[in-house]
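With chain A fixed as given, assemble chain B with the ligands onto it according to the hints.
Line by line, the protein sequences give chains A and B.
The opening residue of the first sequence carries number 617 in the numbering used here; numbering runs sequentially from there.
The opening residue of the second sequence carries number 617 in the numbering used here; numbering runs sequentially from there.
None of these hints come from the bench; they were simulated from the model.
Keep in mind the model is a prediction, meaning the values are calculated, not measured.
A few of these clues could be false.
Since copy identity is lost for identical chains, a pair holds within one copy or between any two.
[Stated by the list, open to error] In silico DSS-like pairs for lysine-lysine, Cα to Cα no more than 30 Å straight-line:
| hint | residue 1 | residue 2 |
| --- | --- | --- |
| 1 | Lys738 | Lys943 |
| 2 | Lys914 | Lys738 |
| 3 | Lys947 | Lys802 |
| 4 | Lys704 | Lys639 |
| 5 | Lys738 | Lys639 |
There are 2 protein chains.
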Amino acid sequence: MSNPSLLILAGDGIGPEVMNEVKKIIGWYGDKRDLAFDVEDDLVGGAAFDAHGTPLTDATMEKAQNADAVLLGAVGGPKYDTLDFSQKPERGLLRLRKEMDLFSNLRPAQCFDALADFSSLKRDVVAGLDIMIVRELTSGVYFGEPRGIHKEGNERVGVNTQRYTESEIARVARSAFELARRRNNKVCSMEKANVMESGVLWRQVVTEIHEAEYADVELSHMYADAGAMQLCRWPKQFDVIVTDNLFGDLLSDAAAMLTGSLGMLPSASLGAPMANGRPKALYEPVHGSAPDIAGQGKANPIACILSFAMALRYSFDQAAEAERLEKAVEKVLADGKRTADLLGPEGGTPISTAEMGDAIVEALDASL
Amino acid sequence: MSNPSLLILAGDGIGPEVMNEVKKIIGWYGDKRDLAFDVEDDLVGGAAFDAHGTPLTDATMEKAQNADAVLLGAVGGPKYDTLDFSQKPERGLLRLRKEMDLFSNLRPAQCFDALADFSSLKRDVVAGLDIMIVRELTSGVYFGEPRGIHKEGNERVGVNTQRYTESEIARVARSAFELARRRNNKVCSMEKANVMESGVLWRQVVTEIHEAEYADVELSHMYADAGAMQLCRWPKQFDVIVTDNLFGDLLSDAAAMLTGSLGMLPSASLGAPMANGRPKALYEPVHGSAPDIAGQGKANPIACILSFAMALRYSFDQAAEAERLEKAVEKVLADGKRTADLLGPEGGTPISTAEMGDAIVEALDASL
Ligand SMILES: [Mg+2]
Ligand SMILES: [Mg+2]
Chain A
617 MSNPSLLILA
627 GDGIGPEVMN
637 EVKKIIGWYG
647 DKRDLAFDVE
657 DDLVGGAAFD
667 AHGTPLTDAT
677 MEKAQNADAV
687 LLGAVGGPKY
697 DTLDFSQKPE
707 RGLLRLRKEM
717 DLFSNLRPAQ
727 CFDALADFSS
737 LKRDVVAGLD
747 IMIVRELTSG
757 VYFGEPRGIH
767 KEGNERVGVN
777 TQRYTESEIA
787 RVARSAFELA
797 RRRNNKVCSM
807 EKANVMESGV
817 LWRQVVTEIH
827 EAEYADVELS
837 HMYADAGAMQ
847 LCRWPKQFDV
857 IVTDNLFGDL
867 LSDAAAMLTG
877 SLGMLPSASL
887 GAPMANGRPK
897 ALYEPVHGSA
907 PDIAGQGKAN
917 PIACILSFAM
927 ALRYSFDQAA
937 EAERLEKAVE
947 KVLADGKRTA
957 DLLGPEGGTP
967 ISTAEMGDAI
977 VEALDASL
Chain B
617 MSNPSLLILA
627 GDGIGPEVMN
637 EVKKIIGWYG
647 DKRDLAFDVE
657 DDLVGGAAFD
667 AHGTPLTDAT
677 MEKAQNADAV
687 LLGAVGGPKY
697 DTLDFSQKPE
707 RGLLRLRKEM
717 DLFSNLRPAQ
727 CFDALADFSS
737 LKRDVVAGLD
747 IMIVRELTSG
757 VYFGEPRGIH
767 KEGNERVGVN
777 TQRYTESEIA
787 RVARSAFELA
797 RRRNNKVCSM
807 EKANVMESGV
817 LWRQVVTEIH
827 EAEYADVELS
837 HMYADAGAMQ
847 LCRWPKQFDV
857 IVTDNLFGDL
867 LSDAAAMLTG
877 SLGMLPSASL
887 GAPMANGRPK
897 ALYEPVHGSA
907 PDIAGQGKAN
917 PIACILSFAM
927 ALRYSFDQAA
937 EAERLEKAVE
947 KVLADGKRTA
957 DLLGPEGGTP
967 ISTAEMGDAI
977 VEALDASL
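One chain only, chain A, in its complex shape (with noise of 0.2 Å):
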């Protein structure tokens, strides 16, 4: 059997640093616990218009569509911001989302315990939390048609359409009960059914799916204003959100405020199962490509290596050892190792991108 392959898009900015360190642990995966991947290099965004004048070819596109996990850096930066809007970085990202069908993101709010004050919650209430949301990614009133703006007599009219199908919300649904399965089964679905038809719908599929499949699921429903609310008071009664593109855009940004590590949270976007069984799948941290501190060492990589380890656990079955690269990642928050973006007030000296990565891999070895 040949290794499982991963496609590995750095991008920009500070992409290409701390996707060397995920390499590192790619490495040590396969020198120490037999599992080896076949690794391909490729380029996106603003790194593949300045090679062939398009943020992501044809030939990236085919080669993303047939690996079996995609993991992506960073794209963008200043130099490309006057580019014609089909070719900026992000098209890039966004063709491969498209293209791949990924219709499920998943946004983990974690807080680590060695972080916990940098979040402007309380200890308590932000301490350990562990939550997903799981936001659809592929449709809702980002995508809708019609759209645009037009004129009506003298005025100027801005439309958008909200629009779900039963299926496009029955595979989110899907999505999430899954997942809940494998953390601590509970689902809560969040949308605004007491004043949206779409809602109604949402909440009617999510339903359906739960009582003919996922039974033993706990599921339960909130409004998403009161999701809102419920996220900021006490962000630890839930296990996994499931909403729609837009909601799930503002609730799984606010989460991700609340755990105060921004920079330190990976996420999954997944689409349909492919002929071996494994979902189509793209890794990427949720930081941006950080341009003013790109190529000095200074970039925290641990967002990125978290998403690998995403993908150990959603793409590769692999959660016993994903486990154990999250817990490499806590040790070494726990021993104190900083890069800059994590000192707090009180100071202190920052470790390189790189020695963080090799500190990771020392506590990988520890764990054996």
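Chain B with the ligands alone, transformed into the frame defined by chain A:
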């Protein structure tokens, strides 16, 4: 000159109790500040249904249209849960909002120093917070057509339409700029112009109104997901936030929860100026009718009293008197007076609804 008129719709549950305390305050302003109001009482919600078989009679609607301001307590209760949709207590409130065309919903998020420990946020993040969220209340995706659930082939499809006209955006933008001039002169407008054309138009119109009429006010723009993050991280960066109906729904509730004083918060819903120059206006606490504690003298009247303070400021141009009332509330809290809902984990002896009203009247006396 006749006195300004107030229509009081106390409603259901704790509504009548808390409104009794507001009446003490109104009486005080007539006696001690030569600010007399012509007060009329009427019914709304379940109380109106019990008396007339409808949650709002045409006669009451007519009075509301002609009053200088409407003060509302709260509507709803388990007794009315089985009523037909059109007869539910909430429909009375929705009819008022719709027929008075109250497009600008003012939701202050304030945190009293004495209550800062109730927040899930750290004390320094939230103590003394005073921001104002202006939510467009009569248009957007909760109202746009087409809407509904229909079949396409074998599938159900749920549709809602986000739709904003130039004039709908312009009038709520003006409302926010006017407010900012009475506060700290800063407006932040939030939308998703990066992915929604209705957001593009929102940003354009807000910018045009700013340049043409309010160039003296500081204006910034933020994507609504970043706005949700920033509200959680450092809410004191904002003064006035203006946003659409849906984003405002989530952001105002999240901000309210962040203060930790959800039961303390007032609101105003304003429409176009009437012949006398005053805006159509309805003032109400953010909290609900709390049927579980109704009639027991346990309710906290402060949110309703602060709603009257908003009426003083926004309907009757009595900013100094509004501030006097707010300071009186602050003093009573600083003195340690607490209704049952404000007792922390350390306990203490609660005072009754009436005792809280009396204490605030006393503090008003002391302010003279
Ligand atoms: Mg977002
Ligand atoms: Mg709401």
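Hints versus structure:
no., hint, in the structure
1, Lys738 with Lys943, "both (24 Å within a copy, 28 Å between copies)"
2, Lys914 with Lys738, "both (28 Å within a copy, 29 Å between copies)"
3, Lys947 with Lys802, "within (28 Å within a copy, 44 Å between copies)"
4, Lys704 with Lys639, "within (27 Å within a copy, 61 Å between copies)"
5, Lys738 with Lys639, "neither (36 Å within a copy, 38 Å between copies)"
Hint compliance for this structure: hint 5 alone is broken.
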